[in-house]
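> Residue numbers (the working numbering), protein chains in the order written: chain D, 268 to 730; chain E, 382 to 460.
Everything labelled a hint here was simulated from the structure, so no lab data went into it.
A hint or two may mislead.
Said to hold, decoys possible - Simulated DEER-style distance windows between Cβ atoms: (1) K387/E x G342/D: 25 to 35 Å; (2) G404/E x T346/D: 28 to 38 Å; (3) E345/D x G404/E: 22 to 32 Å; (4) M382/E x S645/D: 37 to 47 Å; (5) L712/D x L447/E: 32 to 42 Å.
Said to hold, decoys possible - To spell it out: a stretch of chain D is covered by chain E in this simulated footprint if at least three of its residues, at any positions, have a beta carbon under 8 Å from a beta carbon of chain E; those stretches are: (6) 302-314; (7) 473-485.
To be verified - Derived DSS-like pairs: lysine-lysine, alpha-carbon spacing no greater than 30 Å straight-line: (8) K387/E x K500/D; (9) K481/D x K455/E; (10) K500/D x K450/E; (11) K300/D x K377/D; (12) K387/E x K444/E; (13) K478/D x K450/E; (14) K478/D x K455/E; (15) K649/D x K444/E; (16) K387/E x K680/D; (17) K444/E x K701/D; (18) K444/E x K478/D; (19) K500/D x K444/E; (20) K680/D x K455/E; (21) K481/D x K444/E; (22) K682/D x K387/E; (23) K429/D x K481/D; (24) K500/D x K455/E; (25) K500/D x K512/D; (26) K411/D x K354/D; (27) K411/D x K570/D.
Glycine is no exception: its CB is placed at the ideal position from the N, C-alpha and C atoms.
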Amino acid sequence: MLLQAAFIKDNSTALIDVEGNTLSYKDLFDFSKLFYSQINKRTLIFIFSENTLGSVAGYVAALETKIVPLLLNTGTEETLREALILKYQPEYFWLPESMTSEFDGEVIFKAYGYVLLKTGLNAPLLYEDLSLLLPTSGSTGSPKLVRHSYNNILANARNVGKVFEITSSDRALAMLPMYYTMGLSVITSYLYGGATVLLFNGSLTDAVFWKFLKTQQATILTGVPYSFEILSKLRFTRMDLPDLKIITQGGGKLNPTLFNEFADYATRTGKKFIATYGQTEGTARMAYLPAEFAQSKVGSIGKAIPEGRLYLVDENGEEITQADTPAEMVYSGPNVTLGYAYSGDDLCKTDERAGVLPTGDIAITDADGFFYIVGRISRFLKLYGLRIGLDDIEQLILQTFGVETVCTGTDEKMKIYITNQEMIAVITDFVIQKTGLYHQAFEVLFIPQIPRNEVGKVIYNFE
Amino acid sequence: MSVSEKYNSVFISVFNVEASVLGHDFTSDTVDNWDSITQLSLVTAMEDTFDIMLDPEDILNFKSYLAGKDIVAKYGVTF
Numbered sequence: 268m269l270l271q272a273a274f275i276k277d278n279s280t281a282l283i284d285v286e287g288n289t290l291s292y293k294d295l296f297d298f299s300k301l302f303y304s305q306i307n308k309r310t311l312i313f314i315f316s317e318n319t320l321g322s323v324a325g326y327v328a329a330l331e332t333k334i335v336p337l338l339l340n341t342g343t344e345e346t347l348r349e350a351l352i353l354k355y356q357p358e359y360f361w362l363p364e365s366m367t368s369e370f371d372g373e374v375i376f377k378a379y380g381y382v383l384l385k386t387g388l389n390a391p392l393l394y395e396d397l398s399l400l401l402p403t404s405g406s407t408g409s410p411k412l413v414r415h416s417y418n419n420i421l422a423n424a425r426n427v428g429k430v431f432e433i434t435s436s437d438r439a440l441a442m443l444p445m446y447y448t449m450g451l452s453v454i455t456s457y458l459y460g461g462a463t464v465l466l467f468n469g470s471l472t473d474a475v476f477w478k479f480l481k482t483q484q485a486t487i488l489t490g491v492p493y494s495f496e497i498l499s500k501l502r503f504t505r506m507d508l509p510d511l512k513i514i515t516q517g518g519g520k521l522n523p524t525l526f527n528e529f530a531d532y533a534t535r536t537g538k539k540f541i542a543t544y545g546q547t548e549g550t551a552r553m554a555y556l557p558a559e560f561a562q563s564k565v566g567s568i569g570k571a572i573p574e575g576r577l578y579l580v581d582e583n584g585e586e587i588t589q590a591d592t593p594a595e596m597v598y599s600g601p602n603v604t605l606g607y608a609y610s611g612d613d614l615c616k617t618d619e620r621a622g623v624l625p626t627g628d629i630a631i632t633d634a635d636g637f638f639y640i641v642g643r644i645s646r647f648l649k650l651y652g653l654r655i656g657l658d659d660i661e662q663l664i665l666q667t668f669g670v671e672t673v674c675t676g677t678d679e680k681m682k683i684y685i686t687n688q689e690m691i692a693v694i695t696d697f698v699i700q701k702t703g704l705y706h707q708a709f710e711v712l713f714i715p716q717i718p719r720n721e722v723g724k725v726i727y728n729f730e
Numbered sequence: 382m383s384v385s386e387k388y389n390s391v392f393i394s395v396f397n398v399e400a401s402v403l404g405h406d407f408t409s410d411t412v413d414n415w416d417s418i419t420q421l422s423l424v425t426a427m428e429d430t431f432d433i434m435l436d437p438e439d440i441l442n443f444k445s446y447l448a449g450k451d452i453v454a455k456y457g458v459t460f
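Just chain D, same shape as in the assembly:
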């Protein structure tokens, strides 16, 4: 599906890791057959992923042979991991060798530092067009998954290919984790285009990252707002990177200072800076701001990607066409996913969205038809690129401690208000443990009582 015959034939390099190990398209093709011969049926597999050869090879093999993977972070918190296993009953795990001892299953195959474990569980019924499952990027302990079709993945690969003009001579730096939709989109779309994907699994503050970027002559790099803060701090814009052609950004709004810094850098050095917008529910990318507008339309998410359409609707679902009128933004296109899953029973569900996705974001358009996000309908924040559902956090605390909270805040900082002052420290530790959030990304504060209106509904904008 992803692997094109031409690239398999000429044996070009598909993947390179930080140690310089490589896999060619032919290797991936052969590996896919070998991988399938261990399993021999369409079933559900959990891939505990990292940006390494073994992990990506397993993902590619699963897609190629119609085995359905759920991609998870190797560091998925244990309670959530157990809940996912219980709810979805995967027949296999594909995980780093070092994690083998954490599970009971039978080891039936090893390759590239990864191990195939048979769990002894019976996978649920799988809808024939179900290709891939991803967590809803929120690491808020929710076992809710996004169901992708085969066509979603192909549409993403094809249209991202058009936006970035991907060719087989590209060398794409994959530094965002592959269980994260934007990170996966980099890997998927560049493999589809026959390029070389440079797999980086560490931290941007490691010297090895900078060496990898330069010596492997990356032509494109993709980051979230937080990546750009680090790049800026490390004086990225003063480096000489002659091979780099495109810098793309997703995962939330970049602040105007950084946006300008990178847009100016791109213009000065003859590169392209492309801001994009997307969600897991829309197979990563849904809109992009063409590089030629990076300096004149700062902060805009641009327009829909090829084959897609963005529009605004009022409360009655009527389309709004006047400029500067804030309203909910809707996306339609072939990359709109099938829907959510909450348990194994949902994996036989068909397409619930028919290609239309209300984004939960409030946007306006300018006179030239460029979109700008100005607010949100859904109660979630994007903290360090992670989508955190505020209601999920409230529920999590309520279920664990029986304490009512009000969760609000901005993409800079989440605020959790509790009525019991003595529990501030306990709840702080709990939220760090459950979400993996950096402790300065949120604050637990005391409030004498939960603010409510006369009908008892919680007031969120009380500050």
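Following the hints, complete the assembly by docking chain E onto the known chain D.
Okay, now just chain E, sitting in the frame of chain D:
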């Protein structure tokens, strides 16, 4: 606050730890949440605290409690 206390207070606030754990074994290899997020917060807070501006190379090498002391010392901070 002494220079040492100021230096420690940055670690205490960034890593959410007690002063007693700060020492030779407080490094990016041994501290669980020492990642790119805490690393960046750490150097930014050091810069603000001591009114200095670190070179990229020093930011990348700021990987332990002890190494950090040598790094800020290069910018005229004396312990």
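> Is 25 to 35 Å a correct range for the gap between the Cβ atoms of K387/E and G342/D?
holds, 33 Å
> Verify the proposed pairing of K649/D with K444/E, using a straight-line Cα cut of 30 Å.
It holds: about 27 Å lies between the C-alpha atoms, which stays within 30 Å.
> Has the given pair, K387/E with K444/E, been kept, meaning a C-alpha gap of at most 30 Å?
holds, 18 Å
> Measure nothing beyond the straight line between the CA atoms of K481/D and K444/E; if it is 30 Å or shorter, mark the hint as holding.
Satisfied, since the Cα-Cα distance of roughly 22 Å is no more than 30 Å.
> Holds or violated: are the alpha carbons of K500/D and K512/D at most 30 Å from each other?
Given that 30 Å is the threshold and the Cα spacing comes to 21 Å, the pair holds.
> Is K680/D within 30 Å of K455/E, Cα to Cα?
violated, 33 Å
> Is 37 to 47 Å a correct range for the gap between the Cβ atoms of M382/E and S645/D?
Between M382/E and S645/D, where Cβ atoms are some 44 Å apart, the hint holds.
> Within 30 Å, alpha carbon to alpha carbon, are K481/D and K455/E?
holds, 27 Å
> When you check the alpha-carbon spacing of K682/D and K387/E, does it fall within 30 Å?
The given pair, whose Cα atoms are some 27 Å apart, holds under the 30 Å limit.
> Sort out whether K444/E lies within 30 Å of K500/D, counting only the CA atoms.
Holds, because 16 Å separates the two Cα atoms, which is no more than 30 Å.
> Hint check: K478/D vs K450/E, CA-CA at most 30 Å. Holds or violated?
With Cα atoms ~25 Å apart, K478/D and K450/E stay inside 30 Å; holds.
> Kindly confirm whether 32 to 42 Å is satisfied by the beta carbon distance between L712/D and L447/E.
Between L712/D and L447/E, where Cβ atoms are some 35 Å apart, the hint holds.
Hint check: violations occur at hints 6 and 20; the rest are consistent with the structure.
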